[in-house]
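Each chain, written out:
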Amino acid sequence: MSIKNCIDELLSFNLDKKHNFSLIEDSKITSIPQENMQKNISNSLNDNITLFSKIYSQKINSDIVIRNFLLNAKGKQYNASLIFIDGMVDSEIINRFVLTPLMHKNQTNIGNFQNSFISQKQGLNYRTNKKINLEQSILESLVSQNSITTENETSKILDKINNGFTALFVDTLSVCFCIEAKGFKTRSISKPENEIVVRGSQEAFVENIRTNTSIIRRIINNENLVIEQLEIGKITKTSVAYCYMKNIANTSLVEEVKYRLNNVNIDSLTSSGILEQLIQDDSNLLYPQLFATERPDRTCNNILQGRVIILVNGSPYALIAPAVLVDFLSSPEDTNLQYQYGNLARVIRCIAFFIAMFLPSFYIAITNFHQELLPTDIVFAISSMRKSIPFPIIFELLIMEISFELIREASLRVPSPIGATIGIIGGLILGEAAVSANLVSPLLIIIVAMTGICSYAIPDFSLNFTIRCFRFIYTILGYTAGFLGIGFGIFINLILLSNLKSFGVSYFSPYVPVGNKNTDSSFFIKPVWKREERSSFLKTQRPKQEEKISMKWKY
Amino acid sequence: MEFKIGKYQAISFILIVMINKILLNIPKEIIKQSQTGAAINVIFTCILALLLTLFICSLVKKFPDEDIIDISKFVGSKPLQVLLGIAYILFFSSIIITVIYEFTNLLQVIYFPTTSVYLLLLSFIIPMAVASKIGFKSILKTNTIITIFILLSLIVIFLGTITNLRITRIYPILGTNINNTFIKGSINIFGYGGLIYLFFLSPLLKNKKDFKKIAIISILISGLFLLFTITILLTIFPFISHSEEILSMYLLTRCIEFGEFIQRTDAIFIFLWIISGFSYLSISLNFINIIFEKLTTCNKSKNYSYSFLGIFFAIIILFKNQSLFKFLETYFYKYFILGLLFISLIILIIANKKKKGNSI
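Here the protein sequences line up with chains A and B, keeping their order.
For the first sequence, my numbering begins at 1 and goes up steadily by one.
For the second sequence, my numbering begins at 1001 and goes up steadily by one.
Wrong hints could be hidden among the right ones.
To be verified - In silico DMTMM-like links for lysine to aspartate or glutamate, alpha-carbon gap of 25 Å or less:
id : chain 1 : residue 1 : chain 2 : residue 2
1  : B       : Lys1133   : A       : Glu532
2  : A       : Lys539    : B       : Glu1002
3  : B       : Lys1137   : A       : Asp282
4  : B       : Lys1300   : A       : Asp281
5  : B       : Lys1133   : A       : Asp281
6  : B       : Lys1137   : A       : Glu256
7  : B       : Lys1302   : A       : Glu223
8  : B       : Lys1206   : A       : Glu533
9  : B       : Lys1302   : A       : Asp520
10 : B       : Lys1007   : A       : Glu532
11 : A       : Lys517    : B       : Asp1210
12 : A       : Lys539    : A       : Glu223
13 : A       : Lys539    : B       : Asp1210
14 : A       : Lys501    : B       : Glu1102
15 : B       : Lys1137   : A       : Asp281
16 : A       : Lys258    : A       : Glu207
17 : B       : Lys1007   : A       : Asp520
18 : B       : Lys1300   : A       : Asp282
19 : B       : Lys1007   : A       : Glu223
20 : B       : Lys1007   : A       : Glu533
21 : B       : Lys1004   : A       : Glu207
22 : B       : Lys1004   : A       : Glu223
Just so you know, the hints here were simulated from the structure itself, not pulled from any lab data.
All chains should be built: construct the whole structure from the sequences, respecting the hints.
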């Protein structure tokens, strides 16, 4: 070894010990497979605690609590343990209503003569102690909790603990007491963030499914409302509820929803968006097929129309099935307003829909292929504006469209106080700078800005995405073959949409096939007193929703 | 048929056939035949078409779930069914070929002089293939939406050209002579191409009782639109019968002016007509599929539609001779449709008699 190497070895930072990590095939099984798991718990407390400690990796899992104590019952003491997940239970409930009555010696758990009775044997009277039934005693007189069940299946006990229950194991008993002492923190009901209305309820759904179902029940306030619940996800076992009016909704629709939900076979379900993709009819089409809303009033309106709504625990959105194209263009405000205002708003939204989808493609088609549509002066003006721009029109348009999408995405990600600023500054400065630098023409800025504004007028977030995707497709088609290309795209789009069904209902209902249009689901809404029937495409059990004369005070 | 359609879908399906006929120079052919008497001739042929419709309705009544191909099997067993089926396949094929040819020709002349004709042909073939893959039900649903816009576009054309009308040009209103207007002119019933499709309509309907209503309404609306078109063409272009190449309706759209901003609206109308053409072509292709399925043992004739499309593509490419297409468009279509109408009616009459005999 040379002196230089020696010095290097001593003084320099040793790079040979570089941390090199790569994933290798995992052969070690860290969890107990479901099929190998002991089916029922035993009557030995130690065995049970060992089993659950192992399942929950209690030694490394910081929030799994196992509390051992001595249980007093009928004058005897038993070893007992509570297992719960810290953060999901209310400590106050456990202390006051579980541990205190079980540990303290009091009238209930000290054996006395009240429990003995007199029996006669061979003419002699005996005072005999009644045989103690510990399980019954704990259930009936020791734990003062309203919701308590006994389970002996390991998997069921695990489900309960995962859901925030507290499991009580008692030595000598082969059952576990599952005590409901849930107490996790949830967001309180707040204002809707994405479906804001002026005249209407200011409540929005929250993440907790039970809170959401209670809001629905409070609004509908009828015994025919059914809220069925099931679990989806082999690992997460997420609670999913589907709600409908049993005297209104079509039974085959309810069965179909039930069938699809019961046949979702996945490991985890963490949001309603994932569930929507799993139960929609055609997952390849860009159009949304279930309607998502955060508004309880809108949800209830739809339930009362005969639709089925789906709630997912952990998601503040309700999915409405079936959904038709008109639903995505309507706002909850429409029905709260006079029908004329509502209709005006819908027409404006419809215009916005077409502008947002087709304006760039028509611009490119007209300037490239159909200049004769415009007066000569305007054609000259456009060509003079474009004179100094070195790019072809498609490139110019795509630059601006992509920039606009970037601004939109950036303003969504940045913290909310500066989100709006980014949008305005980005739009103004970028646009101005692009024109000054002769990258794009001023007319194109108007086209892109108009398209952007119109896309914001679309009330539904998913449909907005659809429009954004199709806008690029139509722009390319318009550039390739002008109106022929756009016509080509529209025809194929219409054919695909005509084939689309949402839970057995045509996407173009109630227009194709033609159905009853005097309902809330038609594009043009009628006055409230004229909306006598429910949508015919829903084939409800109660087609009429109001009497022929609803304003009896008048007639 | 595994699906059924409502009355609005059925009416729009018959109408799209007529609208495309109106767009693709049928009015010019009628004017050529009857000259200034064309308007009267259209009213006359409309009455004839209505009478024929009523006759068809009474004949089809006894076969609500069968189309003309099934009925021909009942009358003359498999050989007659095959013969009639081939005739209908030829008829629909000739429609597809001529419509594609007309549209590509028009588009190449007006907008795409330098574009390869192959690309233009493909822009018609691909939507047909997609539509055929998706299914007939979706095509008919799409057609219902399209028909409304096309009818509106025709109304806009009528309203937009009103200022250019010279009513004196329609005289002599009875035409050059009675023979041309009424006797020879009765051949112009071929303009009501929707009549042929009535033979296939009944099994498609949800409610068979609506057949008569649907048939009469669609023929009446068709007649009305044909009458308006011919009257406007006559009063604006007295020379229309001599013009070649360009579609007569296209000439009409060039007369329309909407204010100062939109100089010429023809591109917008062509855009709408292209979509209606796609719809009409897809319907015709699907009828070929249906007939092919009935004549053969194929269950999924959809897959064969690509082969049919390939054949049509090849025919249009191989036979570049314009006179061949002109022949197909005018004489072949005119006399073939009349021949098919006649044969189908004879078959229906025999079928009715046979059924009556069987029931006795």
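Given the hint that Lys539/A pairs with Glu1002/B, does the C-alpha gap stay at or below 25 Å? holds, 21 Å
Decide if the proposed pair is consistent with the structure: Lys1137/B and Glu256/A, CA atoms, cutoff 25 Å inclusive. Holds, at roughly 23 Å.
Against the 25 Å threshold, does the CA-CA distance of Lys1137/B and Asp281/A hold or violate the hint? Status holds; Cα separation ~17 Å.
Please verify whether Lys517/A and Asp1210/B have alpha carbons no more than 25 Å apart. With Cα atoms ~21 Å apart, Lys517/A and Asp1210/B stay inside 25 Å; holds.
Check the hint pairing Lys258/A with Glu207/A against an upper bound of 25 Å on the C-alpha distance. holds, 22 Å
For the pair supplied as a hint, Lys1004/B and Glu207/A, is the alpha-carbon distance within the 25 Å limit? Outside the cut-off at roughly 44 Å; violated.
Quick one, are Lys1007/B and Glu533/A close enough, alpha carbons at most 25 Å? holds, 21 Å
Distance restraint between Lys1133/B and Glu532/A, which requires alpha-carbon spacing of 25 Å or less: violated, 40 Å
Pair hint outcome, Lys1206/B versus Glu533/A [Cα-Cα no greater than 25 Å]: The hint holds at about 23 Å.
Check whether the Cα positions of Lys539/A and Glu223/A lie no farther apart than 25 Å. holds, 21 Å
Pairwise hint evaluation, Asp520/A against Lys1007/B, where the allowed Cα distance is 25 Å at most: Holds, at about 24 Å.
Take a quick look at whether Lys1007/B and Glu532/A sit within 25 Å of each other, Cα to Cα. This hinted pair holds, its Cα atoms lying about 24 Å apart.
This entry does not satisfy hints 1, 7, 9, 14, 19, 21 and 22, going by the numbered hints stated previously.
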